[in-house]
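*Asks:* Chains as they are written, first to last, in this note's numbering: chain A, 6 to 155; chain G, 6 to 155; chain Y, 6 to 155; chain H, 6 to 155.
Everything labelled a hint here was simulated from the structure, so no lab data went into it. Just to be clear, a hint being listed does not mean it is correct.
Copies of the same chain look alike in the list, so a pair counts if it works inside one copy or between any two.
Computed list of lysine-lysine pairs in BS3-like fashion (alpha-carbon distance at most 25 Å, straight line) [to be verified]:
1. 114 - 130
2. 117 - 135
3. 130 - 117
Protein chains: 4
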Amino acid sequence: MLYTPQDLNYVRRVQDSFARQAFMQLIQAELRGIEPGYCEIHLPYQVQLTQQHQFFHAGIVATLADNAAGYAAFTLMAAQSSILSVEFKLNLVSPADGELLIARAEVLKHGKTLSVCRSDIFIVKNGTEKLCAAAQCTLIELPNTNDSAG
Amino acid sequence: MLYTPQDLNYVRRVQDSFARQAFMQLIQAELRGIEPGYCEIHLPYQVQLTQQHQFFHAGIVATLADNAAGYAAFTLMAAQSSILSVEFKLNLVSPADGELLIARAEVLKHGKTLSVCRSDIFIVKNGTEKLCAAAQCTLIELPNTNDSAG
Amino acid sequence: MLYTPQDLNYVRRVQDSFARQAFMQLIQAELRGIEPGYCEIHLPYQVQLTQQHQFFHAGIVATLADNAAGYAAFTLMAAQSSILSVEFKLNLVSPADGELLIARAEVLKHGKTLSVCRSDIFIVKNGTEKLCAAAQCTLIELPNTNDSAG
Amino acid sequence: MLYTPQDLNYVRRVQDSFARQAFMQLIQAELRGIEPGYCEIHLPYQVQLTQQHQFFHAGIVATLADNAAGYAAFTLMAAQSSILSVEFKLNLVSPADGELLIARAEVLKHGKTLSVCRSDIFIVKNGTEKLCAAAQCTLIELPNTNDSAG
Numbered sequence: 006m007l008y009t010p011q012d013l014n015y016v017r018r019v020q021d022s023f024a025r026q027a028f029m030q031l032i033q034a035e036l037r038g039i040e041p042g043y044c045e046i047h048l049p050y051q052v053q054l055t056q057q058h059q060f061f062h063a064g065i066v067a068t069l070a071d072n073a074a075g076y077a078a079f080t081l082m083a084a085q086s087s088i089l090s091v092e093f094k095l096n097l098v099s100p101a102d103g104e105l106l107i108a109r110a111e112v113l114k115h116g117k118t119l120s121v122c123r124s125d126i127f128i129v130k131n132g133t134e135k136l137c138a139a140a141q142c143t144l145i146e147l148p149n150t151n152d153s154a155g
Numbered sequence: 006m007l008y009t010p011q012d013l014n015y016v017r018r019v020q021d022s023f024a025r026q027a028f029m030q031l032i033q034a035e036l037r038g039i040e041p042g043y044c045e046i047h048l049p050y051q052v053q054l055t056q057q058h059q060f061f062h063a064g065i066v067a068t069l070a071d072n073a074a075g076y077a078a079f080t081l082m083a084a085q086s087s088i089l090s091v092e093f094k095l096n097l098v099s100p101a102d103g104e105l106l107i108a109r110a111e112v113l114k115h116g117k118t119l120s121v122c123r124s125d126i127f128i129v130k131n132g133t134e135k136l137c138a139a140a141q142c143t144l145i146e147l148p149n150t151n152d153s154a155g
Numbered sequence: 006m007l008y009t010p011q012d013l014n015y016v017r018r019v020q021d022s023f024a025r026q027a028f029m030q031l032i033q034a035e036l037r038g039i040e041p042g043y044c045e046i047h048l049p050y051q052v053q054l055t056q057q058h059q060f061f062h063a064g065i066v067a068t069l070a071d072n073a074a075g076y077a078a079f080t081l082m083a084a085q086s087s088i089l090s091v092e093f094k095l096n097l098v099s100p101a102d103g104e105l106l107i108a109r110a111e112v113l114k115h116g117k118t119l120s121v122c123r124s125d126i127f128i129v130k131n132g133t134e135k136l137c138a139a140a141q142c143t144l145i146e147l148p149n150t151n152d153s154a155g
Numbered sequence: 006m007l008y009t010p011q012d013l014n015y016v017r018r019v020q021d022s023f024a025r026q027a028f029m030q031l032i033q034a035e036l037r038g039i040e041p042g043y044c045e046i047h048l049p050y051q052v053q054l055t056q057q058h059q060f061f062h063a064g065i066v067a068t069l070a071d072n073a074a075g076y077a078a079f080t081l082m083a084a085q086s087s088i089l090s091v092e093f094k095l096n097l098v099s100p101a102d103g104e105l106l107i108a109r110a111e112v113l114k115h116g117k118t119l120s121v122c123r124s125d126i127f128i129v130k131n132g133t134e135k136l137c138a139a140a141q142c143t144l145i146e147l148p149n150t151n152d153s154a155g
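Just chain A, with the same shape it has in the complex (with noise of 0.2 Å):
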């Protein structure tokens, strides 16, 4: 789907919230690709990040299924908004055993006050990618708010 975004600078904006995120830096996480409507995130592998058969943790997967999901949204709101996960559900369809964790997401309705998105979640092992999760997700967007306030 085409999405024209009201703010031309989305780009930036999403790139400063995802910054002012400690846990991004923590994991590791590198933000891609960002289109209206679209945001890609990609997270390398660290045992850090694992449960215990030395996978990614489901919550990794999940942090990451949500925060594509949120920005893919954020892309389409306005400069003056914040936004804020109101809920996601997520399938884990595959154990996530690979090098490389990527969550895909784009907006599926922009609407004035909630947006709802579909993120999915491939693992990448041996340079072959493979689905291993798929999450919907609601955000809501708050007008008149600073996303780099605290």
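Keeping the supplied structure of chain A fixed, place chains G, Y and H upon it in accordance with the hints.
*Replies:* For chains G, Y and H alone, coordinates are given in the frame of chain A:
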């Protein structure tokens, strides 16, 4: 609801699995209050776990919700089984703004293959506890596998 | 949880809205037990509401879960507001095999714009009640609209 | 995604199961477009299926979403298997205001035990189709059962 565990060694089994999750060590999550069909996890505030407003990141809230649900269900499983998260849904109802995050999960239904749990996540600020998120989670029991195998 | 309704006429408001839902009449659903932040709906067994094994259809279970949640949230809204379902998630934990289906929903969080409810759906067979489904639902309040307007 | 069905008789198997669902007859739902891993269901507008604003009831939207997902997954299952809905999550993104409701579901992951599907639900008004809801659904295959057994 009162449950009778099949494996009397369920506390140790949960503790061992939790200890093998490197991600729990990275974020310094603490396993608390393991009962049959119940699990509680605590997580003290750390700036590195935050989003752009310096509150706990939604991914961290999701991590705790999913993990508490998984271990609540794991208490009721057979000694030789391992567990996987099938899916979960999380509503974020208040900002996770406080000094301590607590996830409390209980089993709603323990089936032969699938279990369903609810997790409530509370934020403690200046000593006062408040609901900040609520999740509903589906887990699957994998018989004759070994949770400690890589 | 105890809630104080803003509109003391909440019982009548819920009854009127429910009565305007033609689908509730088609399936012969009965509104019961309206309290602030709470709603209960009963549905007697009818063959025409079943799936391929002659149990209540999952769509019927979902209908009751969503509707009970919506009216639980509606009890706490302003007199001039209408309500819409934003989303819901339903786990089907046991076959809906019995003579009566009961949905009981309560408000978990009543926010200024969004409310979150949980619905438990029970099946009564030979007089014994059993949990058959569990839902978590998000609702939105539309201020200064009119629930009775077409 | 292209799938190869295990049972070449999958169209007939889906049609037979659908025909045994009395609730589909009550609401006059029509099964369309069965392909491997895909199912489409149509439902013409009827006042008796509406909520308080005379739009299709959310429960009807959910019914179609869940049923299309179930039959999409069922196309890929073994001839001797039956299917149950484990859970689903539905976002209602626009009012279901129109003359025809269409659910289109496809399998995202067909696993040995569990399948995950996405359903998109469209409302057609004056001949124009619009997304009105989106669902993500988990189904379970019950081997060596018989879908037609009571």
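*Asks:* Now tell me, hint by hint, if it's right for this structure.
*Replies:* Now for the hints, and whether the structure bears them out:
no.	hint	result
1	114 - 130	between (32 Å within a copy, 18 Å between copies)
2	117 - 135	between (34 Å within a copy, 17 Å between copies)
3	130 - 117	between (40 Å within a copy, 21 Å between copies)
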